[in-house]
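Position 147, counted from 1, in the sequence shown is what the working numbering calls 147; the numbers after and before it change by one each time, with no gaps.
Heads up, some of the hints might be wrong.
To be verified - Straight-line Cα separation of at most 35 Å, DSBU-like style, residue types lysine-lysine; simulated pairs:
1. Lys95 - Lys85
2. Lys140 - Lys72
3. Lys128 - Lys106
4. Lys140 - Lys95
For the record, the hints were derived by calculation from the structure and aren't laboratory data.
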Amino acid sequence: MRHSPVLTSSLLLGFVSLIGATSLQASPAAAQSTLFKSRSTQSSVNGLRSAAVGGSTSVPYGWIDFCHRRPKECKVPALPAANVKLTAQNLRILKRINQKANSSIKPVSNFDHWGTMADHWDYPVDGKGDCKIYALYKRKLLLEAGFPRQALLMTVVRDLDNEGHTILTVKTDKGDLVLDNLVNEVRPWNATGYYFLKRQSQQNPNTWVSINQRGGTSKRLSPSS
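The task is simple: from the sequences and hints, build the whole structure.
As structure tokens, then:
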């Protein structure tokens, strides 16, 4: 799993069309921000910005092990799917938490950290870890900030080097956003260039669904970009 953070200060192409309505609250002024205007139709936005999922698939070993060690995190009821209302305020929260986790965790490989090649998923109990630790910590912080569990989905991809990588997908009313320890900017899933393999179901975090879809054109982001 990848773990080295890459900094970027640019707001990627495609975000200029984001703002809308469904689950978390924000002020009318934020909802009318000129930076995030919706496209002409809701259906066209969703079609462009939401990854299509397939049926149930295998659950990553790391999640099963995480649930065994932290059963309270996983013994949760199934809930109806819910999306985050992508207001300017909520986007600021997503960006702040993504950057906070990226800067507060020391990157270290799974093997060097835990002494095993088997995936070990956990929170940053000692302040370090690889991509799974970053993603789980962001999920935890967003839950504490009031974001719905059904919109915060652990996701397994292949990165630009075709290596296994774990990120957090945030389901919004304007499509899927990605929080990634390799990039400090919050991006639409289809601006990553990653190959998306599978993620948690919105209804039940212990059920995983297949994706098998490329997230846009591969783009490498330089530290100075």
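Check each numbered hint against the structure and report the violated ones by number, ascending. none
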